[in-house]
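Participant: These are the residues of each chain, in order.
There are 2 protein chains.
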Amino acid sequence: MSAPVRVAAVGLGRWANVLATAYGRSDEVRLVSCFSRSEDKRTAFAERHGCAHDGSYAALLARDDVDAVIVTVPNDQHAAVIEQAAAAGKHAFVEKPIAVSLPDARRIEQAVAASGIVFACGHSARRLGGLRKIKSLMNSGEIGQVSVIEAVFANERGLQIEARNWRGDPGKAPGGPLTQLGVHQLDNLQYLLGPVARVATFGKPMYTRVENDTVNVTLLEFESGQMAYLGTNWACPGVFSINVYGTEADLFYQLDFSWWSDSNETDEHSRLTKRAFARATDDPDDFELRDEEVRISSVDHLRDEVEEFARAVRGDGTVEVDAHVATRNVAVMLAAVRSSREGRIVHVDELMG
Amino acid sequence: MSAPVRVAAVGLGRWANVLATAYGRSDEVRLVSCFSRSEDKRTAFAERHGCAHDGSYAALLARDDVDAVIVTVPNDQHAAVIEQAAAAGKHAFVEKPIAVSLPDARRIEQAVAASGIVFACGHSARRLGGLRKIKSLMNSGEIGQVSVIEAVFANERGLQIEARNWRGDPGKAPGGPLTQLGVHQLDNLQYLLGPVARVATFGKPMYTRVENDTVNVTLLEFESGQMAYLGTNWACPGVFSINVYGTEADLFYQLDFSWWSDSNETDEHSRLTKRAFARATDDPDDFELRDEEVRISSVDHLRDEVEEFARAVRGDGTVEVDAHVATRNVAVMLAAVRSSREGRIVHVDELMG
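Going down the list, the protein sequences come from chains U and L.
Letter by letter, the first sequence follows residues 0 to 352 of numbering that gives the first Met the number 0.
Letter by letter, the second sequence follows residues 0 to 352 of numbering that gives the first Met the number 0.
Next comes chain U alone, as it looks inside the complex (with noise of 0.2 Å):
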C-alpha cells in the first residue's frame, strides 16, 4: 500500500464536508489543510476534520505536504482556482459542473494540458452499484440493443427558493434544474450511450417566486442514433430514475435521492427491475412479460471517485471523468439551455465548436 495522497480542501461549504467525511472512510487519500475566505469556516471544518487550516489560497498552495486541492467553491470561480492550482503544481478535483459556461471550461482544459496536472470532476452517479450495473447489463448484451434511455431528476427546491438566491437567477444557474439537477443524468446518460449530438428542450419557470426555469424537459440524439429523454424539475416530490428499453429487456431503476450525501449508503436505497419477455411466440398477443429485480452492489460512490483521482495522482491509471467529458457534459447542458430559450433544436457542435 503506497502512502495515502495528501489533499486540502478549498471551498469549506456544505458540501466539502460531506466529502470529508467520506474521505475519512479511505486510505487512500489524507485531508492536511483547508482554506476559506471565512476564518470560522475554515477552523470549524479544521477542527471537525482533523486537519490544518491556511489563512490564504497561495499559502495552502505553497504547502509541501498538499499534493492536490479538493474544489467545492462556486461554480463559476472554478476555473481561476484550477489555475492557480495548476500553476503551483498541484493536482485538482472539482465537484460538477466543471463550469456554467464553456470559455471557463476551456480554461480548465487548458490549464490542467499545460501543467500536466492530474485533474478529475466528480460526477459520481455513474460510479453509483445501479448504474455500473446497468452499464454491465448493456455492455453484455442481456438486454439486447437499447433504443431510449429515460432519466428525470426531480425534487422540491423550486416551491422554496426566495427571491434573490442565485438559483434563481437565470445567469448563475441556467435553465435551473437542467444545471443544478440534469448535469448528473447527463454525465449518466453520456456514460450510457456516448456523445451527444443534439438537443430540444422546452423550459419555464413553474410554481415559483423566482424568474429563473423550475421545470425543464429535454429530449436528446446520440451520435450513436439511440436517444433519450431528461426531465428536470424543482417543482414536485424528489426522483431520480432511469428507463433502458433494450431489445430483449427493459430496466425500470429508482434512486431516493435523499440518501445522496451517505455515499456508503446510496445504493442501499436503490432498486434496479429487469422487465423481459417470459414467454415470446409468433402471436403478438401471445408474449407476456415477467418483471425481477436486479442484485446492485453497494460503492461508496464518494469514496470511489477520490480514490481513483488518488490513484492516478501516484501514477497508476487514469480518471475516467476527466476535463473533457466534464465540458462535454456542460456544453450538452448549455445546448439544452439554448434549445429551450431559442425554441429550436440545437447540435451540440455548435457549442462545441
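I should point out that these hints are in silico values taken from the structure, not numbers from a laboratory.
Model, not experiment: these values are computed from the prediction.
Note that the Cβ used here is the ideal one computed from N, Cα and C, for glycine as well.
Since no wrong hints were added, every one of them can be taken at face value.
Restraint ranges, calculated between C-beta atoms of paired labels, are given here:
1. R340(U) to G12(L): 45 to 51 Å
2. G342(U) to G88(L): 43 to 49 Å
3. E267(L) to F276(U): 20 to 26 Å
4. W165(U) to Q76(L): 58 to 64 Å
5. A57(U) to G193(L): 56 to 62 Å
6. E291(U) to N164(L): 30 to 36 Å
7. R13(L) to D168(U): 56 to 62 Å
8. H346(U) to S55(L): 55 to 61 Å
9. T280(U) to E46(L): 22 to 28 Å
10. A61(L) to F276(U): 46 to 52 Å
Based on the hints, put chain L in the right spot on chain U.
Facilitator: The following block gives chain L in isolation, referenced to the frame of chain U:
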C-alpha cells in the same frame, strides 16, 4: 331501462371480435348484424356472436333494425364508411385513430355535423379506472399543481414486422408506434392537460427490417403551459406507463397492456403509486418521501365507451370523445411526425389552421 341500442359491426378483424365480446356483457347494446367483404369472416362472426350478417354494406345500412354501426375497418377507410353511415342516418362508433390524415378527419366531422348522427371514437384508455383516478387526484388538488406528465407506450412489434407489412409503411402508419400506440397516450394526455400547443419529436427505424420509424421520443407543451413527454417504442418488451409530477405529490402508473383486450380485467393488471412528502421542513436536506399504493376502481373500458355511445343515441347525454376531440389527437400525432421529419419544433396550429 330503455331497449338496447341495436348495432352492426363493419369490418370483422380481431378487434371487432374483442368489441363484440365486451358488448355481450352489456344490456344497453345488442349486436344485430355484421358485414365484411369476406363471406367466411362474416358467417364466422355471425355464428360466434349470435347475430345476422349482410352481403353488402349497403344492405346493412338499409336494415330498419340497425341504429348504429361499429366501424373497425382499416384507418384509411374510416371516412368513406362513416360518410355512408351518416347518409343512411345511422349513428357511428369508430375505433381510434379517427383517421390518419386531417382531410379524412375533416370529412368525418362534416358528415357528422351535416347529418346530426351521434358519433364517438374509441379512445377507451381514458376510461380505465387508473386514468379516472389520476384525473380525479389532479382535479381535487390532492397532488397540488401539475407541471409535467410522462407517458410511455411500447411493445416488441417492430422487431417482428415483415417487409411489406402496412405497419412498416410510413404512408400507412406515419411515425410507426407514434400512430399505432402513441395516439392512445395523446388522448390521455389531452384528457388530463387540455390541448397541445407544440411538439418536438425525434424518431427513426431501429432494430427492424422495415423503413418506417420503430422508435420515437416526443416533447409536448400544452396551451396551459404544462409539459409532457411521450415515448413510443416498437423495439422492447411492453410498457404502458404514466408519471405525473405535482407540487404536492408524484403519481406513477403502470399497466400490463397485454390484458387490454380483456377489458373487464384490464384495471386489475395496473398499479398506481403516489409519492408525497412524509416530512417537509425548511431544510431541503431534511425532506423525507413516502410511497403508497392508490386503490383503483375497475372499469370495463370497452363496455363503458359503448354504453355512453348507446345512451347518447337514445338522447341521454353526449359522448366524451367526439369527432372534434378525436381529430385533435390525430393533429398532435401528425405534428409529431412532421417535427421528426423536418427536424424542428412544430405548432399544432400549423396543421389545424
